[in-house]
Each structure stands twice: as structure tokens, then as C-alpha cells.
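Engineer: Residue numbers (numbering that gives the first Met the number 0), protein chains in the order written: chain A, 0 to 209; chain B, 0 to 209; chain C, 0 to 209.
Treat the hints as calculated values from the structure; they're not laboratory data. Please note that the accuracy of each hint is not assured.
No copy is singled out in the list; a pair is fine if it fits within one copy or between any two copies.
Heads up, simulated DMTMM-like pairs for lysine to aspartate or glutamate below, C-alpha to C-alpha not over 25 angstroms straight-line [to be verified]:
#: 1; residue 1: K30; residue 2: D138
#: 2; residue 1: K64; residue 2: D116
#: 3; residue 1: K196; residue 2: D175
#: 4; residue 1: K64; residue 2: E198
#: 5; residue 1: K30; residue 2: E198
#: 6; residue 1: K64; residue 2: D143
#: 7; residue 1: K169; residue 2: E205
#: 8; residue 1: K30; residue 2: E205
#: 9; residue 1: K201; residue 2: D143
#: 10; residue 1: K169; residue 2: D116
#: 11; residue 1: K30; residue 2: D143
#: 12; residue 1: K196; residue 2: D143
#: 13; residue 1: K169; residue 2: D138
#: 14; residue 1: K201; residue 2: D138
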Amino acid sequence: MPHTEALLFPLAMIALVAEAMTAALAAGRRKMDWLGVAMLGCVTALGGGSVRDVLLGHYPLWWVKSPYLLLLTGGAALATIGLAQFVHRFHGIFLVLDAIGLVVFTIMGCNVAMSMDQPFLIVVVAGMITGCVGGVIRDVLCNDVPLLFRAELYASVSIVTGLLYIGGIKYGLSPDVVIAAAVVVGFVFRLLAIRLKWEMPKFVFERDDH
Amino acid sequence: MPHTEALLFPLAMIALVAEAMTAALAAGRRKMDWLGVAMLGCVTALGGGSVRDVLLGHYPLWWVKSPYLLLLTGGAALATIGLAQFVHRFHGIFLVLDAIGLVVFTIMGCNVAMSMDQPFLIVVVAGMITGCVGGVIRDVLCNDVPLLFRAELYASVSIVTGLLYIGGIKYGLSPDVVIAAAVVVGFVFRLLAIRLKWEMPKFVFERDDH
Amino acid sequence: MPHTEALLFPLAMIALVAEAMTAALAAGRRKMDWLGVAMLGCVTALGGGSVRDVLLGHYPLWWVKSPYLLLLTGGAALATIGLAQFVHRFHGIFLVLDAIGLVVFTIMGCNVAMSMDQPFLIVVVAGMITGCVGGVIRDVLCNDVPLLFRAELYASVSIVTGLLYIGGIKYGLSPDVVIAAAVVVGFVFRLLAIRLKWEMPKFVFERDDH
Numbered sequence: 000m001p002h003t004e005a006l007l008f009p010l011a012m013i014a015l016v017a018e019a020m021t022a023a024l025a026a027g028r029r030k031m032d033w034l035g036v037a038m039l040g041c042v043t044a045l046g047g048g049s050v051r052d053v054l055l056g057h058y059p060l061w062w063v064k065s066p067y068l069l070l071l072t073g074g075a076a077l078a079t080i081g082l083a084q085f086v087h088r089f090h091g092i093f094l095v096l097d098a099i100g101l102v103v104f105t106i107m108g109c110n111v112a113m114s115m116d117q118p119f120l121i122v123v124v125a126g127m128i129t130g131c132v133g134g135v136i137r138d139v140l141c142n143d144v145p146l147l148f149r150a151e152l153y154a155s156v157s158i159v160t161g162l163l164y165i166g167g168i169k170y171g172l173s174p175d176v177v178i179a180a181a182v183v184v185g186f187v188f189r190l191l192a193i194r195l196k197w198e199m200p201k202f203v204f205e206r207d208d209h
Numbered sequence: 000m001p002h003t004e005a006l007l008f009p010l011a012m013i014a015l016v017a018e019a020m021t022a023a024l025a026a027g028r029r030k031m032d033w034l035g036v037a038m039l040g041c042v043t044a045l046g047g048g049s050v051r052d053v054l055l056g057h058y059p060l061w062w063v064k065s066p067y068l069l070l071l072t073g074g075a076a077l078a079t080i081g082l083a084q085f086v087h088r089f090h091g092i093f094l095v096l097d098a099i100g101l102v103v104f105t106i107m108g109c110n111v112a113m114s115m116d117q118p119f120l121i122v123v124v125a126g127m128i129t130g131c132v133g134g135v136i137r138d139v140l141c142n143d144v145p146l147l148f149r150a151e152l153y154a155s156v157s158i159v160t161g162l163l164y165i166g167g168i169k170y171g172l173s174p175d176v177v178i179a180a181a182v183v184v185g186f187v188f189r190l191l192a193i194r195l196k197w198e199m200p201k202f203v204f205e206r207d208d209h
Numbered sequence: 000m001p002h003t004e005a006l007l008f009p010l011a012m013i014a015l016v017a018e019a020m021t022a023a024l025a026a027g028r029r030k031m032d033w034l035g036v037a038m039l040g041c042v043t044a045l046g047g048g049s050v051r052d053v054l055l056g057h058y059p060l061w062w063v064k065s066p067y068l069l070l071l072t073g074g075a076a077l078a079t080i081g082l083a084q085f086v087h088r089f090h091g092i093f094l095v096l097d098a099i100g101l102v103v104f105t106i107m108g109c110n111v112a113m114s115m116d117q118p119f120l121i122v123v124v125a126g127m128i129t130g131c132v133g134g135v136i137r138d139v140l141c142n143d144v145p146l147l148f149r150a151e152l153y154a155s156v157s158i159v160t161g162l163l164y165i166g167g168i169k170y171g172l173s174p175d176v177v178i179a180a181a182v183v184v185g186f187v188f189r190l191l192a193i194r195l196k197w198e199m200p201k202f203v204f205e206r207d208d209h
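Go ahead and model the full structure; you've got the sequences and the hints to work with.
Structural biologist: See below:
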């Protein structure tokens with residue numbers, strides 16, 4: 000669906016830059032060197048899509064086919080070093096960009112799985128992997144328990160976005176309308192979740208038998 | 000080998016559920032939210048087979064071909080939240096189910112590699128990856144040094160089970176007999192190792208030159 | 000390029016052994032058991048090339064095609080247990096072998112990507128992944144923030160080596176000459192970086208807004 004891709008493309012570029020910049024801030028908290036910052040930016044921004052493609056056997060990977068994406072994401076991470084002193088003032092902008100990233104990556108992941116005629120559940124999971132796994136890799140490399148598993152409505156937003164998108168497409172609505180609706184709903188859901196501190200109930204199991 | 004698969008199938012389902020439930024308990028110790036619990040359950044139960052398939056280039060992955068496995072493992076993990084207060088009484092049952100999982104996953108992994116005509120050593124390794132790597136991913140995501148590398152006879156049980164299984168098949172014995180023998184030997188070996196606290200010698204290297 | 004491979008082959012074997020042995024020492028610091036030591040040796044020595052092959056869709060993986068590599072690396076790791084009390088005296092030798100490993104793995108990774116007609120940037124990245132990712136996996140499994148992102152000129156050496164190698168090949172120089180030059184330059188660069196404590200500037204970001 001080249002038309003749909005054209006519509007998503009500018010949002011995807013914004014999303015990649017946003018993910019790379021948040022990764023750079025995480026790298027800065029771990030006192031990584033400049034090359035480490037650039038690498039963590041690339042891995043975080045492109046990791047979710049890469050894991051999806053490897054699991055689905057969907058070759059070549061996006062950044063292998065379009066290597067300039069490595070320059071874009073690595074460059075955005077490096078630029079963050081210079082911008083860091085201003086960045087904390089723009090914390091809100093980052094959350095907005097990151098929310099765009101989550102929603103746009105999810106839709107792109109669903110598209111890939113649909114283009115391979117995967118069943119419904121796999122399409123949802125492909126969207127969620129694309130939207131969320133980059134951040135998991137970032138947290139593992141920073142030696143944290145991934146935020147994804149612990150807090151905030153992040154994967155949930157991805158699932159809702161994916162369901163809405165796939166539902167609309169299956170229902171036969173115009174892809175442009177469905178994308179717009181899914182992006183807006185997912186985006187608003189994510190920002191509301193942050194603002195209102197929505198959280199899913201947690202499972203706390205203290206008893207340790209081994 | 001459809002017949003063999005039929006024999007292993009119910010054991011495999013039990014194994015998937017057991018792995019997902021132990022992962023859910025690990026998630027509870029880290030205070031993960033419900034969706035995190037479900038995701039960790041899926042990743043732990045299905046991760047070993049996924050890594051094996053990706054390394055061998057064996058597509059499509061099991062859960063991509065049979066997406067209901069995601070519901071089974073995610074559902075088992077979620078159910079564990081409700082059952083947790085009872086679960087500590089059934090710690091022994093979990094160890095038994097987990098031992099079944101280890102042995103059954105190992106045999107299924109060997110089967111996949113044999114169906115690709117891989118050499119002997121790769122068949123053993125494929126079994127071990129299938130049996131053990133899910134737990135490694137779980138530990139990495141929970142920010143622990145993987146238990147696999149540190150304690151208990153776990154990978155060893157997988158290797159012995161795999162060797163016995165492949166040896167019997169190569170020797171021309173009936174697959175059913177070989178499976179039964181490998182399952183029983185591996186299972187008893189694992190439970191004895193737990194009960195008698197068998198451990199492999201450890202390598203302790205304190206001197207830190209850099 | 001079979002001739003080139005013949006030239007690199009003995010260096011590659013030395014590199015695999017060196018990587019497995021350094022991984023074994025890391026395992027010893029974590030008090031892993033003997034099988035854990037062997038596994039960490041295999042994963043560290045062969046992990047970089049495996050990740051590269053999976054990302055590029057380059058099957059079969061090296062160790063799947065040549066399973067004796069598992070015995071070589073696992074065996075080297077086990078041998079390290081017996082040698083550990085002498086090893087600390089030979090710390091310098093390890094740094095030298097590790098530097099050879101970094102440079103040789105980088106060139107082999109570039110070769111694989113070039114044999115797939117990948118674009119320039121992907122060839123450099125393939126070399127870097129091959130040279131560096133094994134150590135990242137080792138650090139993640141040992142529950143450390145990967146050294147690669149934090150300290151020393153390691154990835155930088157890999158990039159310089161890769162650029163020199165690809166540049167020379169593209170320029171039409173004899174592969175033997177280019178390999179020799181890239182190995183020597185990369186090797187000397189790495190040892191100088193260690194000796195003179197060269198480091199890249201670090202990005203330190205203390206402010207934590209979330």
C-alpha cells in the first residue's frame with residue numbers, strides 16, 4: 000500500500016528521531032561515550048522493527064534496505080548531546096513525540112504483518128513488537144528492568160491502536176481514514192494515560208520459595 | 000513425524016502452561032503490571048523455540064503459525080495472578096511441571112533440527128536452546144544473572160535428554176519408545192538433581208585485573 | 000573469496016579462542032558453573048557473527064554449518080578454568096588476543112556483507128556487529144551495562160578497521176595487502192588506545208525528569 004506508506008512516512012521519520020533522542024538521554028544517565036550514545040539511539044529506534052522482521056522472516060530489514068536510517072537515528076542521538084541542557088525544558092515535547100512514535104510504529108508493524116497475510120492475532124502482536132520492543136532493548140542494555148513490563152499504559156496503547164487499525168481495515172474503511180483515526184485515538188489515549196497517571200493493576204508476589 | 004508429534008503434543012501444552020506460570024511468578028516478584036505478566040509468560044514459554052528457529056532459519060515460527068499459543072501462554076500467566084496465593088503451596092507441582100517442560104521442549108527442539116537434517120551436535124544444541132533459553136530471556140528481562148549459568152543441573156538435564164533421544168533414534172529404535180525413555184530419564188534426573196541438590200562445580204575467579 | 004578466507008582462517012581461530020577465554024573469566028567472576036562457563040564462551044565468541052547473520056538473513060549460521068566451532072570455543076572456555084591461576088599473569092597476552100579478535104571478526108563481518116552486495120554503510124555496520132556484539136551479549140548475560148557503550152575505543156577501532164578494509168577493496172588494491180594493512184592498523188590503534196588510555200568523550204546527563 001504505497002499511498003498509506005506515503006502518509007505514514009513523515010510521521011515515521013519523526014518517530015525514529017524521537018526514539019533515538021529519548022535513548023540518548025537514557026545513555027547520558029549511564030554516562031555512555033558518544034559512540035555508545037549513537038549506537039543506543041540506532042538500536043532503540045530501529046530495534047522493534049528489526050525484531051519483528053526477524054521473527055516473521057521478513058527480509059531485508061528496513062535499515063538494511065535503507066541504510067540512511069542509521070545516519071538519521073545515530074545523528075539524532077548525537078545531536079541530543081548538544082541539546083541536552085535545553086532538553087529538560089522540553090520534556091513534554093518528548094513525551095508527545097514518543098507517543099507519536101509508539102502509535103506510528105504500531106501501525107507500520109501491523110502493515111508489515113498484513114502484507115504477509117498473517118492472521119489477526121499476529122498482526123496485533125507485530126504492531127506491538129514494532130512499537131514497544133525498541134524500548135525494551137534500550138532498558139536491557141542500560142541494565143534496567145524494562146519499563147514496559149512495570150509501568151504506564153504503553154503496550155496497552157499499542158494494542159488498542161493495532162486493534163482499531165486492523166478492525167477498520169478489515170471492515171473495509173478507507174486506509175487513510177483508519178490511519179488517521181488510529182493515530183489520533185492511540186495518541187490521545189497515551190497522553191491521557193500519562194496525564195491522569197492511569198496504570199494497570201500490578202501483580203505483587205513477595206513469597207519466594209526458592 | 001506426525002505420530003511422534005501427536006504423542007508429544009499434550010505434554011508440550013502442559014509444558015507451555017508450566018513455563019508461563021513460573022514466568023508469571025517471576026514477574027510478580029518484580030511487581031510487573033498485568034500486561035507485563037502476560038507478555039513475560041508468552042516470551043518465556045515460547046522464547047526458547049523462537050530463538051532456535053531464528054538461529055536455524057526455520058520459518059514460520061511455531062506461534063506465528065499457531066497464534067492460539069499466545070493466548071494459551073498469556074492466559075496461563077494471567078490466571079497465575081489469581082492463583083498466586085495458592086501457588087506457594089503447590090511449589091512442588093511447579094517443579095514437576097517445569098521438569099516436564101524442560102524435557103519435552105528439548106525433544107521437540109531435537110525433532111526440528113533432525114527434520115532439517117542438521118548434524119548431531121546441532122541437534123543436541125537445538126534441543127538445549129529450546130529447553131533452556133526461555134528461562135534465560137525471562138531472567139534477563141527481570142534483570143538477573145540467568146539462573147541457567149549459575150546453579151542446578153538444568154542445561155545438563157537437557158543435554159542428557161537430547162543425547163539419549165538422538166542416540167535412540169539413530170540406533171533405529173521405535174520413536175515412541177525412545178521418547179518415553181528420554182522423557183522418563185530426563186525427568187527423573189532433573190527431580191533427583193533438585194531433591195539431592197546436585198550441582199556442577201563452579202568456576203570462581205576473584206582476581207580482577209581490569 | 001576463498002584465498003582471503005584462507006589467510007584469515009588461522010587468525011579467526013585464534014580470535015574465537017581468545018574471546019571464549021575472556022568470556023570464561025567473566026563467568027568466573029559471576030561464579031558460574033562449568034557448563035555455564037562453556038555456554039558463555041560459545042555465545043560470546045560466536046554471538047556477534049550470529050546476530051549479523053540473523054539481521055542480514057545470511058543462512059546457515061557459521062557454527063551451524065561448522066559445529067566443531069562450538070567444541071573449539073566451549074573447550075577453550077573450559078580450559079580457562081584450569082588455567083585461571085596462571086591467566087592473571089598473562090593479562091597482557093589476553094588484551095593482545097582480544098585485539099586480534101576484534102580486528103579479524105570485523106574484517107570477516109565486512110566480507111560477509113560484501114558477498115551479499117550490501118551497500119557501504121551496511122558493510123561497515125556488519126563488521127562492527129561481528130566484532131563487538133559478542134561482548135555485549137556477554138555483558139548482558141553477566142548483568143552489566145555493556146562495556147562497549149561505556150568505555151575504551153572498541154567500536155571505534157572496529158569502524159576504522161572496517162572503513163580501511165572496505166576502502167582498500169573498493170580502491171582495487173590486492174585483498175591480501177588490504178587485509179594485512181587493516182589488521183595491523185586496527186591492532187595498533189586498539190593497543191595504543193589501551194596503553195594511552197584513549198577515551199571518547201562521555202555524555203553525562205544527570206537530570207531525571209521522569
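Engineer: Run the structure past the numbered hints and jot down the numbers of the failing ones, going up.
Structural biologist: 3, 4, 6, 7 and 13
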